[in-house]
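Q: Put together the whole structure using the sequences plus the hints.
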Amino acid sequence: SQGYDAIFLAVGAWNSYKLGIPGEDLPGVMSAIEFLIRTASGDPPPVGKKVIIIGNGNTGMDAARSCLRMGAKEVIMLYRRTKAEMPANPQEIHDAEQEGIKIHILATPTRIVSKDGRFSGVEYLENELKAADSSGRPSPVPIKGSETIIEADQAIVSIGQFSDMAFLKNDSELKDIAFTKKGIPETDSNTLQSCLPYLFLGGDLLRGPRTVIQASADGREAALSIHSYLTDGVVIKDAKPFNITKGKLKEVDPVNFENIISRPRHSTPLLSVEQRVKSFEEAELVLTESQAKAEAERCLSCGCLDSFDCLLRKYATIYNVDASKLTFWKSPKYKIENSHPFITVDPNKCIVCRRCAVGCDNYQIQYAIKVDEVSSENRIGPPQYAPNINDKCVDCGLCAGNCPTGALQEKIKGKPGPFELKKIRTTCTYCGVGCQIYLGVSGGEVVNVEGVSGVAPNFGHLCVKGRFAYDFIHSPERLRYPMIKQDDGSFRQASWEEALDLVARQLSSVRDEYGPDTIGALTSARVTNEENYLFQKLARAVFKTNNVDHCARLCHASTVAGLAAAFGSGAMTNTIGDIEEADVILLTGSNITENHPVISSNIKRAIKFKGTKLIVVDPRRINMTYFSRNWLRQNLGTDVAWINGMMHVIIKEELFDKSFVENRTTNFEELTKAVKKYTPEYVESITGIPSQSL
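Numbering (this note's numbering), first residue to last: 1 to 694.
One or more hints might be untrue.
What the hints assert, rightly or not - Distance condition first, Cα-Cα at most 35 Å in a straight line; then the derived DSBU-like pairs of lysine-lysine:
{"hint": "1", "residue 1": "K182", "residue 2": "K325"}
{"hint": "2", "residue 1": "K248", "residue 2": "K182"}
{"hint": "3", "residue 1": "K330", "residue 2": "K370"}
{"hint": "4", "residue 1": "K175", "residue 2": "K130"}
{"hint": "5", "residue 1": "K250", "residue 2": "K181"}
These are computed hints drawn from the structure, not numbers from a lab.
A: Here it is in C-alpha cells:
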C-alpha cells in the first residue's frame, strides 16, 4: 500500500520458549531475554541472594554472570546434558565457573515450586544420556525417582528464543502464507525468498538465534536476491560453490599439520575475579603489542589456496556435484614440494591433465616439466602421477597458470590467502615487448600477476620478470613522498605542493637567466607512453626546450637512428606475430632469452612447428644457439663488417627481391658500391667468420 515492491523481514527472535512445566508463570520466574533487556535499559529486576538459571546457552550465561554483578551470592545453572554438549562459548563457561557460578549438569526441571504464591524453588530429575537425538547430541533421559528440589529467590529461563509472527498470522490479507512447524513463513534458505514472492526473510527470524555476523550475511544475501527479483522478475541465485571438507578441526587428521609448528592462541588477560564480579566493566583487557603481532602473523590460509581459480571446483559447481557421494583423501598421500622459488608442487591435487607439460613443451618450448608417476607405500588403486619441474625451468610460471587445480600453485608473497582478487589490466614495463597483464590486487597491494589470454602480443604468456618480479613496488626503500635536499646535504620530507612549487620556481629561474637550452628532460621506460608524452609536452611547451631524451636511447641509439634513416621510423618494422610466420630468422646482438624471453618463445615455436631456419651471429654461446641452424661467431666490434659482407653476397648472387628494390628503395647502386670490397675472404680477415659460412 506504500508502494514498495519487496520487503525484507528480519525482526529477530525476541520471544522465549516456555518450559512447559507447572508453575512457570509464577512471580519470580522470567526469561533471560526480559531480564537482560531490563538490566541493560536501567530497570534491573531484583535477583535476591540465590538465582537458578535454566538452560546453558550464551544468553543464559550472560544472565548468570549479570546476576553475580547485581548482588546475588549464589548462581546455579541447570542443564540437561553434560558440559561437552553445552551450547555456550567454552570461554564463557570457563570464566563463569571462575567467578563462582555453579553448573549442575544432567538435570531436567519438572515443576516450579512456590511459597505464598511466589516462586521458591525448582524440582528436577537427574538424567542419563542415551543415543543421539535429531540434533546430533546424546538424548537426555530422566531417571525415575531422582526428584530433587533446589530452593532459590529467582528463576531465569533460557532454553531458546523464537520470533513472534502473530502480526502476519492475524493479517487477513496474508491468508495465503504457508507457515512452517517453527511458525515462520516457508522460505528458501538459499535465496531467502518466502512463499510470498515479494517477502524475504533472514537473520534470527529465519535461522533462530545466531551471531551478529550471520545475521549481517543474510542481509547481504537478501539484498542480492531482492535486486534479482526487482530487475529480472525472478530470483536468480548463483550456484552454491562446490566444497570438500575434511571435517571440523578436531576431526582433521594431524598428519595434515605435520610440517606446521603448533602455536596456541594468546589468551586475552582478564580482570581479577574479585574485580569482575563487582561491576559491569569490560572484563577482557588487551593483548600486549608482541602478543597482538603474534596473533596477526597467523597463517589464516586454511584449505586450498587455489580455491578461487580451481577449474575442477568451477565445473563441479556448474554441474551440481554432490560432495557427499565422493570418496576423497582425508590426509595427503604425497609430499608437497617447495624447492622451486615461485611454485609449490602438490601431487595430491594433480588430475593428470598434462596441461603443464604440454604448455611447457609446445608454447614455452622449454621441456622443463614432466608428469611422472609418484610412488607411495600406501597406494591403493591405479598409479598416481604428478608434475616434476627439472633444472631447465626458466621460472615463467606458465605451468602454474595452466594448472586447473592447486597442483601447481604460485607462491604468494606475504599472507597467501586465498584471495578473491580485483584484476587491473595494464602493460608490463620490463622490456619493449609490451605484454598485456592483469595485476591481482587485494587490500591495495599487488599479490600476483597473470597474462591476458587471447590478446597480443603475449596471448597470456609471461616471463619470470613479468609474472613474479612485482614486489619492488612495495619495497620499504621506495620513495612514497617528495624529498627536498637541505643545505647540509640531508633530505627532508615535503608535501607534493611544496616540492612542485620548488621545481617550477628553480627551473623557471634557470630558463629565464640562462636560456631554455640549458634545461634537459630525461624520462624512463618504466612509465607509460602517455606519461612520456606529457613529459615531453611539459619540456617543450613550458620550459621551451627540445632537449628531451630517454634512458633507453643509451642502448638503442644506433639502431633507432639507422631505422629512422632507412625506414622513416625507429619502431619495429614488423609485428611480433610475424615472427612465427617467417621462413628464416637472423638473430644478432641480442641475448633474447634473457632480454625478451617472450619473443624467444615465438622464435622457438616457429622453429618447432614451421621449420623456420634460425641463424645466430653472436660471439657468445647464447641459449638460442642450441636452436639455430647456423651459428656464426664474429670477433668483438666487427658487426658492420660481417653485415656488409652478407649484403655483398646477397647482391653478388642476386638473392634479393629485384621488384621490391626497384619499387621501394633508393640509392641501391650506392649500397652496391659501398659493400663491393667486403668479399667473404675480406670479411673473414676482419671478423673471423669463415668465408664459406658467410
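Q: For each hint, tell me whether it holds in the structure or not.
A: Checked hints:
1. K182 x K325: holds, 30 Å
2. K248 x K182: holds, 28 Å
3. K330 x K370: The given pair, whose Cα atoms are some 27 Å apart, holds under the 35 Å limit.
4. K175 x K130: violated, 42 Å
5. K250 x K181: holds, 34 Å
Hint 4 alone, counting from the list given before, is not met by this structure.
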